[in-house]
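Novice: If you want the building blocks of each chain, they are given just below.
Protein chains: 2
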Amino acid sequence: MINNNYKNLKDSYLFSDIAKRVASFTSANPDKKVIRMGIGDVTLPLCTSVVNAMKSACDEMSNAATFKGYGPEQGYDFLRNAIVDYYKEQDNVELAADEVFISDGAKSDIGNITDLFSDDVNILIPDPVYPVYVDSNIMLNRNIILADANEENGFLPMPDQSVKADIVYLCSPNNPTGAVYTKEQLKIWVDYAKTNNMIILFDAAYESFIVDKDLPRSIFEIEGAKECAIEFCSFSKTAGFTGTRCGYTVVPKSLVVEGMNLNKMWLRRQTTKFNGVPYIVQKGAYAVFTSEGQKEIRANIDTYRENAKIMAETLTAKGFKFTGGINSPYLWFKCPNNMGSWEFFDFLLNNAAVVGTPGAGFGKNGEGWFRLTAFGSKENTIEAMDRLSKLTL
Amino acid sequence: MINNNYKNLKDSYLFSDIAKRVASFTSANPDKKVIRMGIGDVTLPLCTSVVNAMKSACDEMSNAATFKGYGPEQGYDFLRNAIVDYYKEQDNVELAADEVFISDGAKSDIGNITDLFSDDVNILIPDPVYPVYVDSNIMLNRNIILADANEENGFLPMPDQSVKADIVYLCSPNNPTGAVYTKEQLKIWVDYAKTNNMIILFDAAYESFIVDKDLPRSIFEIEGAKECAIEFCSFSKTAGFTGTRCGYTVVPKSLVVEGMNLNKMWLRRQTTKFNGVPYIVQKGAYAVFTSEGQKEIRANIDTYRENAKIMAETLTAKGFKFTGGINSPYLWFKCPNNMGSWEFFDFLLNNAAVVGTPGAGFGKNGEGWFRLTAFGSKENTIEAMDRLSKLTL
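The listed protein sequences derive, respectively, from chains A and B. For my numbering, count along the first sequence from 1 and bump the result up by 256. For my numbering, count along the second sequence from 1 and bump the result up by 256.
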């Protein structure tokens, strides 16, 4: 009666291993200032527009005349319409409001989307990978095929005719590698998916970091994607909502597989097993799309981007090979002198008191690579890069 | 590749059918004031302590020094500990903080708990029923056995040796019937579950409406329940959080089935497919447990209870058979003159302009029964009961 597939899940010790090594370093070197560039969490506070909107919503909730009880599970129209407008303005993508589902974050939706598929499905997942893609499918004993993302393909695997899969997870800008697919590359994926009856689960959580106007922020910029793709987005990195919890998933109404309309299925899933995002949070998310809100969140993103630029310059000067950093908050580089990921982790911690994430923690192709994030303060980022640049390698 | 079980879900037209009939009545009778007692949503605003705590948390989120990014998926310790204390004080139940999982509501957890079980499991569900129990299992093609809840057993079905099931859903105080299990009855269920290796999924969303000190608010008041039960709770009806979204689920560490620890499994499920409740909302939920918060929410619950009392008195005076109303916000009564549920719905709407919910919408045993909720204003409740008492039946 118990789902025994849970026995096949590997415990992840990545961040607890990191914490242990950092604790050990700190107790041996109490005078050294450790700079943490490991975890992909934001550090800048919520912007004023968002905070004011949420406080105002709190006031609405305190008054019987404006109090909100149960809202629509799929989100309030004011927020869905704002997202439709955002897609139109930013990406020239036309969506209907009922193709946008507001949720408590991309992680929930990426995990729960597995509900819509049968257990005999074949899942293609690039390695290195955001662990949720793998674990949520191991929980269902689904056949997982890993696609190599590596130095040769710039960490952007393309379709392989010899591999048959029903569903592929793509993340661009990528976590952990920061690599970004071009429109031409995504067009190949979309065409391949349509020819082979595949569904693309497109994780666009980092879309707001794209500055290069030629790079796609949404898979729906690609012709044909509305017949084969679902897109997951988040306010977490766009507007600092990692602790405020709001995201959205786009399921086009033209996505019909085996006679089943996935938009209707997801609506049914969410109305049955979810009860919507707090009204207060939806009002905060809505403020992100006001002109003042856009100005404020852009300023925050620019701070992280400036950090990424400083980091990219340092890595370039040191002659490190890397991806990410221009259109992404992540920088992913090859460990110098053929060091292993954990070997370099210890080297960087012991010699520069800088904490990053060993690439090996994200999959076998991550071995020998290393991730740093641009989500710290500018001051710490400059200091960490100064220490890194002075390292004798 | 698609989960074809979704084809087996029946579309629910219950509330849309109700809306249509009400709209038709309103357009034919524009001068009549319709009083709605159908939907189980609260109407009183959030209490001052909760609103102030959330606004203060908004301020914390606007300052880098106090900003909160990702929190623990299973909730902040301040809230988990407050719930542990509440169980201790209210129910004399001892829990550990890591047995309490904070979520965005009981509906999500009740829907998602299905993840922990295998697909060959047999599910026992009382009828009439909260539809999520049924639909979330139809989505997985699980074998569903309905247990009759009816006038004969006071809408409180007891174990039936001739029925073999692995999991049973119990809801007490019940939605839709308002019936409440006694400690003795729950002890029989717990003993039966332990003897037969069953798991009890106990929905306690309405526990705060229990006034009778002899009735159990938590299944963990029953000896042995920690070895066979999971309990789902919510701030929705307790503190008016239907649009604010917070609940909690208790999975005892001693609940081990087929060698698998369900507490660890749920932790793994939640850390993989969920990212926690907004910090702001958790601070609001925490305020519910302060002495001021308790005073305020008790005053709100008392308002609903007073409504329920007025309703119960009216139903008694009319000679209606009913359950609920004393320890529950729902009143469930037998339609007079052997009317069918929908027949009485139309009768009540046309003759008293009062909207309720036909019991038939909750399952076959609901036919001939009718649900009214006590969540309206006192003024409307008095007026509706005045109209009902004047009806010639």
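Hints were generated in silico from the structure; no laboratory data involved. Values in this document were obtained by computation on a predicted structure and should not be read as measured data. Worth double-checking, as some hints may not be accurate.
Remember, identical chains collapse to one label, so a pair may be satisfied in a single copy or spanning two.
Claimed, not checked - When the alpha-carbon atoms are kept at most 25 Å apart in a straight line, the in silico PhoX-like pairs for lysine-lysine are as follows:
id	residue 1	residue 2
1	Lys-450	Lys-551
2	Lys-520	Lys-266
3	Lys-551	Lys-344
4	Lys-266	Lys-565
Novice: Compare the structure with each hint and give your call.
Specialist: Status of each hint after checking the structure:
{"no.": "1", "hint": "Lys-450 / Lys-551", "in the structure": "neither (38 Å within a copy, 60 Å between copies)"}
{"no.": "2", "hint": "Lys-520 / Lys-266", "in the structure": "between (34 Å within a copy, 13 Å between copies)"}
{"no.": "3", "hint": "Lys-551 / Lys-344", "in the structure": "within (18 Å within a copy, 49 Å between copies)"}
{"no.": "4", "hint": "Lys-266 / Lys-565", "in the structure": "neither (36 Å within a copy, 54 Å between copies)"}
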